[in-house]
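Taken in order, these protein sequences are the chains called F and C.
Residue 306, in the numbering used here, is where the first sequence stops; the numbers in between run on with no holes.
Residue 417, in the numbering used here, is where the second sequence stops; the numbers in between run on with no holes.
Please note that a few of the clues may not be correct.
[Stated by the list, open to error] Simulated coverage check for chain C against chain F, where a stretch passes if three residues somewhere in it have a Cβ under 8 Å from a Cβ of chain F:
| hint | stretch |
| --- | --- |
| 1 | 66-72 |
| 2 | 115-122 |
| 3 | 135-148 |
| 4 | 261-267 |
| 5 | 397-407 |
[Stated by the list, open to error] Have a look at the derived ranges for each label pair, beta carbon to beta carbon:
| hint | chain 1 | residue 1 | chain 2 | residue 2 | range |
| --- | --- | --- | --- | --- | --- |
| 6 | F | Met121 | C | Ser214 | 47 to 57 Å |
| 7 | F | Glu164 | C | Ser214 | 17 to 27 Å |
| 8 | C | Ser214 | F | Leu102 | 35 to 45 Å |
| 9 | F | Glu164 | C | Asp372 | 36 to 46 Å |
| 10 | C | Thr367 | F | Ala128 | 56 to 66 Å |
| 11 | C | Ile64 | F | Ala61 | 57 to 67 Å |
| 12 | C | Leu128 | F | Ala128 | 28 to 38 Å |
| 13 | F | Ile165 | C | Phe354 | 33 to 43 Å |
| 14 | F | Trp131 | C | Asn107 | 30 to 40 Å |
In case anyone wonders, no lab produced these hints; they're calculated from the structure.
Note that the Cβ used here is the ideal one computed from N, Cα and C, for glycine as well.
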Amino acid sequence: MPDRLPRGGSPAPRWLWPALAAPGTAWLLVFLVAPMYLVAAILFGTIDPILRRPIPVWNPADWDPTQFQYVWSRLSGADGFFGPALLRTALYVGTASVLCLLIAYPVAYYAARIADRRRGMLLAALIAPFWISYMMRMLAWVNLLQNDGLVNQLITLGGLFDTEIDWLGGRATTVVLGLTYGYVPYMILPLYAGLDRIPASMIEAGRDLGANRFQTWRRVTWPMSRPAVVTAVILTCLPMLGDYFTSDLLSGNPRTSMVGNLINSAVLTPGQTGQAAAFVLLLLLVSIVPMGLYIRVTRDGEATRT
Amino acid sequence: MKQPGAWRAVERDISRRTFLKAGGGVAAAAGLLSACGGGTAGPGSPNASAVQIASPTNPVRWPIHDDVPMIASGLKPEAGSTLKIYNYADYLSPRVIKNFERDYSVNVELATFNDTEEAIGKIASGGLGYDIYFPSYDQIGKLVAAKLVQPLNQDYLANISSVWPQFTDPWYDLGWQYSVPYTTYTTGVGWRTDQVNTDVASLPNPYDALWDPSVADKIAIIDDWHVAMAMVLLREGNYDINSESSEDIALIRTRLLELAAATDPKVTITMYNDLPAGQLGLCQMWSGDVVNAVYYLPKGQRPDILRYWFPEDGRGMVDNDLMMILAGGQNPVAAHYFLNYLLDEQVSLANFGFTGYQPPQNVINPTRLVEDGYLPENLRTATVLPEWFDSGTRLLGMPIEVEQQWLNVWQEFKAGA
Chain F
1 MPDRLPRGGS PAPRWLWPAL AAPGTAWLLV FLVAPMYLVA AILFGTIDPI LRRPIPVWNP
61 ADWDPTQFQY VWSRLSGADG FFGPALLRTA LYVGTASVLC LLIAYPVAYY AARIADRRRG
121 MLLAALIAPF WISYMMRMLA WVNLLQNDGL VNQLITLGGL FDTEIDWLGG RATTVVLGLT
181 YGYVPYMILP LYAGLDRIPA SMIEAGRDLG ANRFQTWRRV TWPMSRPAVV TAVILTCLPM
241 LGDYFTSDLL SGNPRTSMVG NLINSAVLTP GQTGQAAAFV LLLLLVSIVP MGLYIRVTRD
301 GEATRT
Chain C
1 MKQPGAWRAV ERDISRRTFL KAGGGVAAAA GLLSACGGGT AGPGSPNASA VQIASPTNPV
61 RWPIHDDVPM IASGLKPEAG STLKIYNYAD YLSPRVIKNF ERDYSVNVEL ATFNDTEEAI
121 GKIASGGLGY DIYFPSYDQI GKLVAAKLVQ PLNQDYLANI SSVWPQFTDP WYDLGWQYSV
181 PYTTYTTGVG WRTDQVNTDV ASLPNPYDAL WDPSVADKIA IIDDWHVAMA MVLLREGNYD
241 INSESSEDIA LIRTRLLELA AATDPKVTIT MYNDLPAGQL GLCQMWSGDV VNAVYYLPKG
301 QRPDILRYWF PEDGRGMVDN DLMMILAGGQ NPVAAHYFLN YLLDEQVSLA NFGFTGYQPP
361 QNVINPTRLV EDGYLPENLR TATVLPEWFD SGTRLLGMPI EVEQQWLNVW QEFKAGA
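When you get a sec, could you build the whole thing from the sequences and use the hints?
If you want it as C-alpha cells, here you go:
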C-alpha cells in the first residue's frame with residue numbers, strides 16, 4: 001500500500017485524528033490503566049484491622065512491599081510453594097493451546113476453503129457454543145464425567161467392562177481437556193477470519209506453479225495464516241491463564257490448582273487480597289510477552305503484504 | 001447507601017478507631033495505628049487483635065452503638081416491601097419463604113454466598129442492602145465492631161422461648177443482643193458402605209481413615225481452613241482447636257501435606273451432592289449435609305449405604321449457625337418478623353425437613369429423631385445432642401497474627417505444591 005492515499009479537497013483539520021482516538025484512549029484509561037493502578041494500590045496498601053479487608057493506598061510514596069515480597073519469596077526455593085502451581089498453569093495452558101490449535105486449524109481451514117455452500121451452516125454451528133455460557137458448558141461436563149455418567153457408560157459399553165475412570169477425581173487430563181473444550185471456539189473464529197482473508201489467487205498461483213495441495217498449504221497458506229494463528233493462540237491463552245473454575249468444577253483438588261485458583265482463594269481469604277493483587281500483576285507481566293510477540297508478527301505480516 | 005465504598009475505607013477506619021479507643025474493649029491502639037499507617041500489614045506481621053474474642057470461658061456482652069439503634073417496638077412490616085436475605089445455598093426452605101411471604105404480604109429475595117468470609121467482604125463493601133445474614137458465632141465480634149449488624153428488639157422475638165436454654169444467653173452473645181440461633185450441627189466423617197469396606201466408626205481413630213489410601217480413594221475434606229485444620233488437631237487428640245502454639249500449627253502443616261500425599265483429597269463443600277453421586281467415597285462432613293445427602297441419591301439407590309461418624313462422647317466440633325439483622329438493610333421490621341417466624345416450632349421443623357440441619361428446638365427430642373422420622377436409622381449418628389455444646393470443641397476467633405499463621409498453612413496446602 002502506498003504511504004499516503006491521494007486525497008481530494010483540503011486536508012483534515014489537525015484536531016480530527018486525536019478527537020477520533022479520544023474514545024479509545026478514554027476506554028484504555030478507564031478500563032485498563034485505572035484498574036491496574038487500583039490493583040497496585042491494593043497490593044502495596046494496608047489491611048483493615050477488623051474485617052481484614054484491603055485498604056488501597058494511593059500515594060506510591062507510602063507503598064508497603066510486604067505482600068509482594070511474601071509472594072515473590074514463595075515462587076521458588078525452599079519456601080516456594082506457589083512455584084508448582086505456576087508451572088502447572090503454564091503446562092496446562094500450553095498443552096490446551098496446542099490441542100486447541102490441532103483441532104481448530106483443520107476445522108477453520110475446512111470452513112474457509114473447502115466447505116463452500118455448507119459454509120453458512122458450518123459457521124452457525126461453530127458460533128453456537130457462544131450462546132451457552134462457559135460455566136454452563138463446564139457444568140454439563142460434570143454430569144457427563146460423573147462415575148455413572150454417560151462418558152463412563154460409553155467406555156464400559158454400558159457397564160460391560162469394569163474400567164470405570166474417575167474423571168473428576170483431580171486429574172490433570174480432565175482439566176486440560178476441559179480447557180481445550182471450553183476455549184476451542186475462541187480459537188476457530190479468528191483462524192477462520194485469517195484463512196478466509198488469504199486471496200484465492202495466491203493459492204491458485206501456487207497450484208499453477210506445480211505445487212500439490214500439501215505443498216501449497218505449507219509454502220503459501222501456512223506462512224500467510226501465521227498472524228491469524230498467533231492472534232488465535234493469544235486470544236485463547238490469555239483467558240486460560242486466569243481461569244479458575246474449570247479446575248474448580250472438574251477437579252476441586254489442590255493438585256490441579258492453577259494461578260487463577262491461587263488468586264481466587266487469596267481474594268476470598270481475609271488479609272490476603274494483596275497477594276491476589278501480586279499474582280494479577282505477575283500474570284500481567286507474563287502476558288505482556290505474548291502481546292509483544294503478537295505485535296511483532298502482525299507488523300511483519302503487514303510488511304510482507306505490501 | 002449507608003456504607004461508603006471500599007475506597008472510603010480509610011476514612012471509615014478512622015471513625016472505627018475512635019470508637020475502639022473510646023469503647024475501651026480493645027488494647028490494640030498501637031496495632032491499629034500501625035495497620036492504618038501503612039507500616040506492618042504484611043502476612044504474619046505482628047498486629048494486635050482488634051476485636052475481643054468470645055469463648056465459653058470468656059463470655060462477651062457486645063457493646064451497643066448509639067449510631068446503630070434498635071428498632072422501636074410495636075411496628076408492622078410494610079406491605080409489599082422486599083426483605084433481602086443473604087444465606088448459603090440450599091440452607092433455607094423455599095416453602096417456608098413462600099409461606100412467610102403469604103402470611104405477612106412481603107416479598108422475600110434470597111441471595112447466596114459460598115463462604116462467610118466472602119459474604120462479610122460483600123456486606124462490608126456496602127450498598128447491597130441485605131436485611132438478614134446467617135453467620136457463624138465467631139464472626140459476631142467483627143460484625144459488631146464494624147457496625148454492620150444492628151441490635152435486636154427482643155419484643156418481636158417471643159418464640160425464643162422455644163429454643164434450647166444454651167442459646168437464650170449464649171457465651172458468644174450474652175443477652176442475645178444481636179443474634180438468635182438457627183441450626184446446630186456436628187463435623188465428623190461420612191462414607192458410603194459400597195465404596196468403603198471398613199467400618200470407619202469402629203477404627204481406633206476414625207479420623208485416620210482420611211489419611212489411609214487402603215480404606216478409600218475419592219476422599220474430600222471441607223473447604224474451610226479452620227474446620228479442616230481443626231480436624232487435624234482432633235485426630236492428634238489435641239482438643240485445643242484454636243491453638244496459638246506455633247508447634248501445633250507446624251504439626252497441622254506436616255499432617256496436611258501427608259494427607260495430600262496419601263489420599264489426594266478434594267477440597268470442597270458440596271459433599272451433600274458428591275457423596276450420594278458416588279464422586280466421593282469418604283469425606284469430612286457436616287452432620288446436616290449427610291442428612292441432606294439422602295435426597296441427592298440417584299434414583300434406585302438405597303439410602304442405607306450412607307454412614308456418619310462423630311465421637312460418641314461428643315468431643316468433636318459442635319457448632320451452631322445464627323441469624324442476625326444487618327445495619328444496612330431497609331426492612332428491619334420485616335427482618336425481626338422473619339427471625340421470629342423461623343424460631344417458631346412448626347416452621348423450624350419444616351425448615352429442618354428441607355435443609356437437614358437440626359434446629360435447637362425444645363419440641364424436638366434429640367434422642368428420638370429416628371423414631372420421629374427426621375433421620376433414617378443408618379444416620380442416627382447425625383443427631384446433635386444439647387449436652388455436646390458443653391463437651392464439644394468450638395471454633396473460636398483468633399488473634400490476627402495467629403489466624404495469619406493458620407491461613408498461611410492452608411494457603412500452602414491449597415496451592416497443591
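Quick one: are Ile165 (chain F) and Phe354 (chain C) within 33 to 43 Å, going by C-beta? holds, 35 Å
Quick one: see if chain F covers the stretch 115-122 of chain C, three-plus residues with Cβ-Cβ under 8 Å. holds (count 5)
CB-CB spacing for Ala128 (chain F) and Leu128 (chain C) relative to the 28 to 38 Å hint: Because 36 Å falls inside the window, the suggested range holds.
Can you tell me whether the CB distance of Thr367 (chain C) to Ala128 (chain F) sits inside 56 to 66 Å? Taking Cβ atoms as reference, Thr367 (chain C) and Ala128 (chain F) lie about 58 Å apart, which means the hint holds.
Please verify the coverage claim for the stretch 135-148 of chain C: does it have three or more residues whose C-beta sits within 8 Å of some C-beta in chain F? Three-residue rule met by the stretch 135-148 of chain C, so holds; n is 3.
Within 47 to 57 Å: is that where the Cβ-Cβ distance between Met121 (chain F) and Ser214 (chain C) falls? For Met121 (chain F) and Ser214 (chain C) the Cβ distance comes to about 55 Å; the hint holds.
Should the hint that Ser214 (chain C) and Leu102 (chain F) are 35 to 45 Å apart at their CB atoms be regarded as holding? This hint holds: roughly 40 Å between Cβ atoms.
Consistency of beta-carbon spacing, Ser214 (chain C) to Glu164 (chain F), with hint 17 to 27 Å: holds, 19 Å
Verdict on chain F covering the stretch 397-407 of chain C, criterion of 3 CB contacts below 8 Å: holds (count 4)
Would you say the C-beta atoms of Trp131 (chain F) and Asn107 (chain C) sit inside 30 to 40 Å of each other? Once the Cβ atoms are compared, 32 Å apart, the range 30 to 40 Å for Asn107 (chain C) and Trp131 (chain F) holds.
Taking a Cβ-Cβ distance under 8 Å as contact, does the stretch 261-267 of chain C have three or more residues in contact with chain F? This one holds; 4 residues, not fewer than the three required, reach chain F with a Cβ under 8 Å.
Has the hinted range 36 to 46 Å been met by the Cβ atoms of Glu164 (chain F) and Asp372 (chain C)? holds, 39 Å
Checked against the numbered hints above, the structure breaks hints 1, 11 and satisfies the rest.
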